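Here's the letter readout for the chains.
There are 2 protein chains.
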Amino acid sequence: MNFKQTLHDKVKTTEDILLTYLPKQEGYSAKVAEAMNYSLLAGGKRIRPILMQEVFTLFGGTDKIIEPFMAAIEMIHTYSLVHDDLPSMDNDLYRRGKKTTHAIFGEGMAVLAGDGLLNLAFETILDSKMEPDFYPRCFQAMQVLATKAGVRGMIGGQTADILAENLGSHVTCEHLLYIHKNKTAALMEAAMMVGAILAGAKEEAVLDMERVARMIGIAFQIQDDILDVTSSLEVLGKETGSDSKNNKVTYVTLHGLDASQLEVKRLSEEGIAILLKYQSKTGEESSFLNQLLEELIGREQ
Amino acid sequence: MNFKQTLHDKVKTTEDILLTYLPKQEGYSAKVAEAMNYSLLAGGKRIRPILMQEVFTLFGGTDKIIEPFMAAIEMIHTYSLVHDDLPSMDNDLYRRGKKTTHAIFGEGMAVLAGDGLLNLAFETILDSKMEPDFYPRCFQAMQVLATKAGVRGMIGGQTADILAENLGSHVTCEHLLYIHKNKTAALMEAAMMVGAILAGAKEEAVLDMERVARMIGIAFQIQDDILDVTSSLEVLGKETGSDSKNNKVTYVTLHGLDASQLEVKRLSEEGIAILLKYQSKTGEESSFLNQLLEELIGREQ
Numbered sequence: 062m063n064f065k066q067t068l069h070d071k072v073k074t075t076e077d078i079l080l081t082y083l084p085k086q087e088g089y090s091a092k093v094a095e096a097m098n099y100s101l102l103a104g105g106k107r108i109r110p111i112l113m114q115e116v117f118t119l120f121g122g123t124d125k126i127i128e129p130f131m132a133a134i135e136m137i138h139t140y141s142l143v144h145d146d147l148p149s150m151d152n153d154l155y156r157r158g159k160k161t162t163h164a165i166f167g168e169g170m171a172v173l174a175g176d177g178l179l180n181l182a183f184e185t186i187l188d189s190k191m192e193p194d195f196y197p198r199c200f201q202a203m204q205v206l207a208t209k210a211g212v213r214g215m216i217g218g219q220t221a222d223i224l225a226e227n228l229g230s231h232v233t234c235e236h237l238l239y240i241h242k243n244k245t246a247a248l249m250e251a252a253m254m255v256g257a258i259l260a261g262a263k264e265e266a267v268l269d270m271e272r273v274a275r276m277i278g279i280a281f282q283i284q285d286d287i288l289d290v291t292s293s294l295e296v297l298g299k300e301t302g303s304d305s306k307n308n309k310v311t312y313v314t315l316h317g318l319d320a321s322q323l324e325v326k327r328l329s330e331e332g333i334a335i336l337l338k339y340q341s342k343t344g345e346e347s348s349f350l351n352q353l354l355e356e357l358i359g360r361e362q
Numbered sequence: 062m063n064f065k066q067t068l069h070d071k072v073k074t075t076e077d078i079l080l081t082y083l084p085k086q087e088g089y090s091a092k093v094a095e096a097m098n099y100s101l102l103a104g105g106k107r108i109r110p111i112l113m114q115e116v117f118t119l120f121g122g123t124d125k126i127i128e129p130f131m132a133a134i135e136m137i138h139t140y141s142l143v144h145d146d147l148p149s150m151d152n153d154l155y156r157r158g159k160k161t162t163h164a165i166f167g168e169g170m171a172v173l174a175g176d177g178l179l180n181l182a183f184e185t186i187l188d189s190k191m192e193p194d195f196y197p198r199c200f201q202a203m204q205v206l207a208t209k210a211g212v213r214g215m216i217g218g219q220t221a222d223i224l225a226e227n228l229g230s231h232v233t234c235e236h237l238l239y240i241h242k243n244k245t246a247a248l249m250e251a252a253m254m255v256g257a258i259l260a261g262a263k264e265e266a267v268l269d270m271e272r273v274a275r276m277i278g279i280a281f282q283i284q285d286d287i288l289d290v291t292s293s294l295e296v297l298g299k300e301t302g303s304d305s306k307n308n309k310v311t312y313v314t315l316h317g318l319d320a321s322q323l324e325v326k327r328l329s330e331e332g333i334a335i336l337l338k339y340q341s342k343t344g345e346e347s348s349f350l351n352q353l354l355e356e357l358i359g360r361e362q
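These protein sequence lines map, in sequence, to chains A and B.
Okay, so the first sequence: first residue is 62 according to this note's numbering, each after it adds one.
Okay, so the second sequence: first residue is 62 according to this note's numbering, each after it adds one.
Simulated from the structure, these hints should not be mistaken for laboratory data.
This one's a predicted model, so the numbers in the text were calculated from it and none came from an experiment.
Each hint should be verified, as a subset may be incorrect.
Copies of the same chain look alike in the list, so a pair counts if it fits in one copy or across any two.
As the list claims (entries may be wrong) - Derived lysine-lysine pairs resembling DSSO-like cross-links, with alpha carbons at most 30 angstroms apart:
| # | residue 1 | residue 2 |
| --- | --- | --- |
| 1 | K326 | K92 |
| 2 | K190 | K65 |
| 3 | K125 | K190 |
| 4 | K242 | K92 |
| 5 | K263 | K159 |
| 6 | K65 | K338 |
| 7 | K160 | K190 |
Just need the whole structure built from these sequences, with the hints factored in.
Shown next as structure tokens:
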């Protein structure tokens, strides 16, 4: 298996799915639809929908019911970036080498585009035609997605992140872990749990996927903090050093670069060990998922 | 029947329901929960949940399944106000005589609180325990709610409203009608349609409820424009004249005060006429609904 080619194909497949759910740019609401589409199509690694699809396949899922959920989680992730980049939040003008939504469409339209994307995530799932006997799984999957995206998940993490900025060097390890767990890991947990739920996996397996995703998600966020220090605009596609510019405490400022890199390694190994329990077959799909997780964590951008 | 006392009781019942779904103010996410709760409890007429409940009753609904939907629609309405009041949008410091969310909690936290409320609307519905044979209705009701709140509804209306500000006197009647239909009426349509759907009403009745709500909603918005001109901070509880301050074209600036008041009357009479078709019984509940709609439209605040 050529990992890079397979990943490229899966990103393409995900983006093709996303394209089928984009809002129409027409009439008096064309501008917000344009801003939403711009945000959704401004690149990105499409990690969450691909993780969802891989776990779905791992647990024997085969049909297209996963597709609106894949689109929905990418919409939720995208809206969180659009709002996070706002002047009243991180005030970033670039992301992935492209101008952020508010830098192009203005602040008010970026607020609305984010709102529109969060709302569209639920519309996308609810608009999908589905067999009645699929309702219970779908309901449970939506519940997980909504919980992990909300104040008990991602939004809670964002809140803790804003508070951390005001605390400066007084931010504790516990506080920082809460941020990483909720701001980043929560949506990865949703991705892997939804994949398992929609495939009909048992509750224990769903909870194991939550644990794997949490470890990978936290490792991913620590890696993000590492890259903010070590990478450049050219490689990363966004302004670097923005954390220290904003006086942000990160895992790296608390623990140093070496300890951070070790922790990323430990978390990813532990996560993949749990995953291996479920991979009785050593088929291509399973090994792709493990390679993807390792790649995510060892990434340079 | 004492209308004012009944309305007061129904507002109280709605707020009691809302209280059971508030996010907990604890841990590192306490601040956003506090901002969400402040926004939800800063008064308001609770029109949408009460409309939903009344239509549910009109079509024979009796159980508690309506309650999370009542809370959800008020959360969606509230988030739209929180974001609409932001400096990058209408920049209002007061609403209903109280400081707006961003005026108290800061702009970033107000963005997050709005996001949190929209998300919480779906969490609230999805967390509710429900019998499996209720899934289809619940799914359809959520779909209507999500569609009417999104870019094909309320968010589309907000977008058209922002565009209108830049167009000044070039805003057409069609454009203004689009704003009123989507920014305000769409969520009232959702309220009345969801009430009917959850009670098991036929499709024709659901569509009739959409028509009634659209007329009432547009009339309501024209009345809002009228009040912005004729009322005072003391009566209205928010800064008046803000439309003209922001150079906003409104129904009143386009058609004058007298024509606006006539249009409000025409729309409300037509809407109530459709409703009467379904009110074979002249029981208290039905007459309360009609009186509520008339009250909404003839209101002074």
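Which of the numbered hints are not met once you compare them with the structure shown? 1, 2, 5, 7
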